[in-house]
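S.K.: The listed protein sequences derive, respectively, from chains G and S.
Under our numbering, the residues of the first sequence are numbered 1 to 324, in order.
Under our numbering, the residues of the second sequence are numbered 325 to 478, in order.
A portion of the hints provided could be inaccurate.
Sample of chain S residues lacking proximity to chain G, with all beta carbon distances greater than 12 Å (derived) [as the list claims (entries may be wrong)]: (1) Val328; (2) His331; (3) Gln359; (4) Thr361; (5) Leu387; (6) Gln406; (7) Ile410; (8) Gly417; (9) Leu420; (10) Gln432; (11) Lys445; (12) Asn447; (13) Ala448.
Label-pair restraints from in silico Cβ distances [unchecked claim]: (14) G:Lys3 <-> S:Leu438: 54 to 60 Å; (15) S:Ser411 <-> G:Glu93: 16 to 22 Å; (16) S:Asn412 <-> G:Val65: 35 to 41 Å; (17) G:Val114 <-> S:Leu438: 52 to 58 Å; (18) S:Lys330 <-> G:Glu13: 23 to 29 Å; (19) G:Val114 <-> S:Ser411: 35 to 41 Å; (20) S:Lys445 <-> G:Asp96: 47 to 53 Å; (21) G:Glu46 <-> S:Asn348: 32 to 38 Å; (22) S:Asn412 <-> G:Pro220: 35 to 41 Å; (23) S:Leu438 <-> G:Phe201: 37 to 43 Å.
Hints were generated in silico from the structure; no laboratory data involved.
Just so you know, even glycine gets a beta-carbon here, dropped at the ideal spot from N, CA and C.
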Amino acid sequence: MKKKIILISDLPEDAAFLSEIISIVDADLEVAPDAKTGLEFLAENECEAIFLDITRIKQLREFEVEAQQRFGLFSDRLQPNQIHFIGNGGIGENRDAILSPLFGSFLPRSSESVEMNGQLYGRFVKAGENMNTNGVEHYISAKGDTQEVVITNSNQKQDAAEAVRQFLLMAKIPARISNGIANAVDELLMNALFDAPCDQFGKPLYSATSRSLARELKAPEHVSLKIGFDGFCVGISVSDSFGSVDRNRLLSHVSMNYRDHDYKIKFGQAGAGLGIATVFNSGGTLIYHCETHVKTIATLLYRAYPNYRDFKSQFKFFSARFYG
Amino acid sequence: MLNVNKHEIEGGVQVELIGAIEENVNFEELIGAFQGTLFIKCRGVTRINSVGVKTWMRYFQALKAQGKVFKFLEISHPIIEQFNMISNFACGGETLSVCLPFSCGVCQKEFIALSSTADLKANALKVPDAKCEKPNCGAQFDDDPEEYLYFLQE
């Protein structure tokens, strides 16, 4: 039986975007104009993905209340991994929605380059069908080049970030963009090296360790860094073998606004989410795939533009998918 | 890795920061003791990670607590990003000038123009035009001016 995707929105631009997605995913599209109608359909049908217009925040709240009454918020019918919020603007304008218990992914409404953006997002939705198709290879076309580096000592982090920067400069990516991406890689590696490792009870092993201390990494602590470029898209993924990312912490860090409050420095080594905010502000898509106690893959996707203006305004989305 | 060039100027000391500010940076060691005002030239800062942000803030907050005067010059994009993201990143230091990034689709070049914050404020934060050396240069400011100069808004 063909898969189903539901779009809960009455906006024609959302329907146009979804038509690109289903061309990649090969699914039937059901369009519901409001939360109530959408939930009625979900009660009768299993859907591969649920796209919800959250432009009117009331719609999200209505959806949460109705879903709670109908299925319970933690029902199998409503897996956050399958739910995609569509909003106007970026994450900054939709911070409240990210903290919803139903949050899985957020994408900005796309009215330009619908075909290109829809197909990119379609590849992401398709990747969610199979736990083994995550990571950078899935987003780089076959003609692209992908390289992998395995980090075996924490003091290799800065060299790895610098290697990424040089790789991008060689690929004629503007210096300012290359520097920003290298910084994002630095942050992801830091998380994988110091925050991810934990013992069998989930207790962090190195979160209090100085980030400048060189530490040899024993087998499960090895960190993989992959980078790919196909002339159009840069993809980078950092993976560890712990799967220890805390969903609520991640989402609260991503939605944090440091502009309106003074940043208070903690005495410990771990930051207050500034690293994740840095990654998120680097200008591209951020996808977290976390299988508890198995692995975390953090993937960054950027389109290559000749200037920062266009780079900054590129279509980008954020996803946090948790399994187990 | 961060390199620091330090020299005395009238009224104090100027340090030029070149490279990445990350976990291995120790400002106390790199800058050392100084008399008068500390001028920090940031044009050469390529990036700053989250540990670098904490290091920066610890150092400059300590200077502020000691009653030292420090001023930032030619702040580059990575530092401006932090100024825009973190309300207290300047730690009480004054910013004298900023790097303004331009890119040209004709010359396929990126370049930096400098402007004093006083001039920018006097012109309602309007970014001045800049051209590279080519006669048909089509350079444009390579960012959203309002967002880029957000930290200078009153």
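S.K.: Give me the numbers of the hints this structure contradicts, sorted from smallest to largest.
M.R.: Going through the list in order, the structure violates hints 6, 7, 10, 17, 18, 20, 21 and 23 and respects the others.
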